[in-house]
Every structure is written in C-alpha cells, then in structure tokens.
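Trainee: Position chain B against the provided structure of chain A, taking the given hints into account.
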Amino acid sequence: MRLQFVRFMMVILVLLSGCGPYTFKNTQLTPPDSAFDFRLIDQNEVPQSLSALRGNVVLIFFGYTNCPDICPATLSDMQLIYNRLGDDSAHVRMVFITVDPERDTPAKLNRYVQRFDSRIMALTGDPQALQATYAAYGAGATRRELPDSALKYAMDHTATVTVVDKQGMRRLLIAFASDVDDTVADIQALINE
Amino acid sequence: MSRLLLLLCVCASLLASCSTTDTQGGMHDSMQSGDMATMMPMPNMNAPVVATVGDIRLSDAWVRTANQGDNSAGYFIINNSGNADTLIGVASDIATSTELHTVEKSDGMMRMRPVNDGIGIPSQGVQLLQPGAYHIMFIGLKRDLNTGERIEVTLTFAQAGDVTVPLSVR
Numbered sequence: 012m013r014l015q016f017v018r019f020m021m022v023i024l025v026l027l028s029g030c031g032p033y034t035f036k037n038t039q040l041t042p043p044d045s046a047f048d049f050r051l052i053d054q055n056e057v058p059q060s061l062s063a064l065r066g067n068v069v070l071i072f073f074g075y076t077n078c079p080d081i082c083p084a085t086l087s088d089m090q091l092i093y094n095r096l097g098d099d100s101a102h103v104r105m106v107f108i109t110v111d112p113e114r115d116t117p118a119k120l121n122r123y124v125q126r127f128d129s130r131i132m133a134l135t136g137d138p139q140a141l142q143a144t145y146a147a148y149g150a151g152a153t154r155r156e157l158p159d160s161a162l163k164y165a166m167d168h169t170a171t172v173t174v175v176d177k178q179g180m181r182r183l184l185i186a187f188a189s190d191v192d193d194t195v196a197d198i199q200a201l202i203n204e
Numbered sequence: 005m006s007r008l009l010l011l012l013c014v015c016a017s018l019l020a021s022c023s024t025t026d027t028q029g030g031m032h033d034s035m036q037s038g039d040m041a042t043m044m045p046m047p048n049m050n051a052p053v054v055a056t057v058g059d060i061r062l063s064d065a066w067v068r069t070a071n072q073g074d075n076s077a078g079y080f081i082i083n084n085s086g087n088a089d090t091l092i093g094v095a096s097d098i099a100t101s102t103e104l105h106t107v108e109k110s111d112g113m114m115r116m117r118p119v120n121d122g123i124g125i126p127s128q129g130v131q132l133l134q135p136g137a138y139h140i141m142f143i144g145l146k147r148d149l150n151t152g153e154r155i156e157v158t159l160t161f162a163q164a165g166d167v168t169v170p171l172s173v174r
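If you read the sequences in order, they're chains A and B. Under this note's numbering, read the first sequence as residues 12 to 204, first letter to last. Under this note's numbering, read the second sequence as residues 5 to 174, first letter to last.
Only chain A is shown next, with the shape it has when bound in the complex (with noise of 0.2 Å):
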C-alpha cells in the first residue's frame, strides 16, 4: 500500500512540472522596456504608428524589398506563423519595416509584400521617423556600394525580428531561421496574457 501510494506521487509530481508557467522558447528582454511608437507610412499611403496597434502583438522586423535572401526568408516565416496561428491571427501584427527608402516606394513595398501576405505591414517614411526607428529598435542599417555585383549596393541590417506585446511593451527577440513553431507557441502565450 506504502510503495503504491509512493509511486502515484510520483506520477502525479511528473504531470504537474509540465504546468508551471510559460516558458518562452525565443529571447526574452528582463525586463521588458517600452518600445518605440514609430510614425511611418504604409504600402497604401496611409499613416501607421506602434500605439495604434495596441492591443495586438506586433512583430517587428526590418528589410529591403531588393534583398533575396534573408528578407524573403523572414517574410516567408511571417507568412507560415499567420497561418499557424490560425484565428489567433487575428490578434498579431506583422510589421515589415524597410532599409532601404531610396528604392522601396510604398508601390514597391506593397507590390513585395502581396507576393507572400497581404496582411504584413510594409512601412515607409520621412528620414528622420526612419532613422529614430532605426535606432530604437537596433536595426543599424548601412548601405554598403558593391562595384563587383550587378546590384549596385546592399543594405547591411539586422535580422532580428521584435515581439512587442499587447501592452507595447517590448518582449522578445527572434533570430534569424528561429523554429517557426517556437515562435508560434511565444504568440499565443503573448496574446493569452
């Protein structure tokens, strides 16, 4: 009776540590800091700011629209988590935030954008907003002229991608080719807050 009631504890302590509080798979900020309510333009001409997405989760990632490689792939993670998230996308922004403003016109973003989700949000703007936005959020972007390449130069930037949660408050840090999954379970639990 003593060694059976033993081991129902045990199996009782092993289904209980599975249910503590969440643990977030990607880079959590301690403690979170305020994050920086840009003002920009989006694909459609039409004045966006961080605080008027309060409320939601935003993602917040930087890029330019003649980058084949590492933007596409982010945009492509972006388009996969909306659709894992399923209605709960309802409740997450995607905020694609260019680099690059000489070339990507809000025509050009949009036109980007629609070929992988129409939902993520492509933003443009005055160099100035551009610049405080680049700096808030640690995008250092720096162009970079490449004589030797048909594309005339690069734009050198960061890849990290930034949650802000429902209260605009920064949360977490997505690295580059981070398991989509992973990501997809810290939004829910964000938006479950």
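Hints were generated in silico from the structure; no laboratory data involved. Ideal Cβ positions, reconstructed from N, Cα and C, are used throughout, including at glycine. Relax, there's no trap hidden among the hints.
Derived DSSO-like pairs: lysine-lysine, alpha-carbon spacing no greater than 27 Å straight-line:
{"no.": "1", "chain 1": "B", "residue 1": "Lys109", "chain 2": "A", "residue 2": "Lys163"}
{"no.": "2", "chain 1": "A", "residue 1": "Lys163", "chain 2": "B", "residue 2": "Lys146"}
{"no.": "3", "chain 1": "A", "residue 1": "Lys177", "chain 2": "A", "residue 2": "Lys36"}
Derived contacts from chain A toward chain B, CB cut-off under 8 Å, selection only:
{"no.": "4", "residue": "Thr76"}
{"no.": "5", "residue": "Asn77"}
{"no.": "6", "residue": "Ala84"}
{"no.": "7", "residue": "Arg155"}
{"no.": "8", "residue": "Thr169"}
Mentor: For chain B alone, kept in the frame of chain A given last:
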C-alpha cells in the same frame, strides 16, 4: 484510502487549471500540411538528385517566389564523391544578372556579398546553398516566379565542368 481520494481530487483540479499543453496540442492540429512546403527549410538531405556532372550530384534545388523586376535567390545541396572542386560560375536567362553570393554574419548584422573566388566543395563532402548563407542571386527578374513553376540555371564547376539544374519555385 479516503485521504488518497482527496489527494486525487486536488491533483485533478490542479491539472485542470493547466492549459499550456492543451493550447499547443490545438496548434499542431490546426497545422495544414500545405504549410510545410514554405517552412524555413533545413536542407532536405534525402531529396532526390536532380542533376549530376562528374562526381557532383545536386539535390533539393529551389528558388524563392518573386515578382518581375525584383530579385530572388536559389538554393541546393551539392554532394561530391570525388576530389575537391569549386563552383565558379552560374548563368540563367530568367534574370538580367545571376551571381554567386554569400551572407556574412557579424555583430548581429547580416551582410550580403558577391562571392568572387567561387564556392569551395570539399572532396568526398557536401556544400549547402541555403537562406542566410551561400546562394545563387538572381538580379532583375525578367518575369514573375510563381510557386510550382520550374526554372533552369547552368552551373560551372572548375573541375567537373558545366551542368544544367532545374530549380522549383517555392
């Protein structure tokens, strides 16, 4: 014995309040099999060989969907059962310019660069072209690349020579 029953009830109610595992189960249920095709790809080492030249075998060859006038990138796995070789050139008629590129990662920055001295392929080894690393860069696409289509590129290896490879658009 009644103590055991009481304990059981307490544990059951504790477990009932624990929903994280349920949420995750639901998430996987709602996953559509069609999604897998667009998933951030780990190269599929078991993909069928789509082209061979000398000791070189190419597999899992694909190019990213993109608009006419924009750029795209192509990827594949190179398997080499012979001596060391180098991928020194690439040509295609779907873009104004086709180049070998790589991405250098430092201090959290991603820096895309043309590869000038070719992509080395170790003897009896494997070289991967994949997102965030070595890739074929198509600059100025002459037409839209739509998912499910197929394009061709010609690769030039220093030792093995030229080979035409079909890339599927994903």
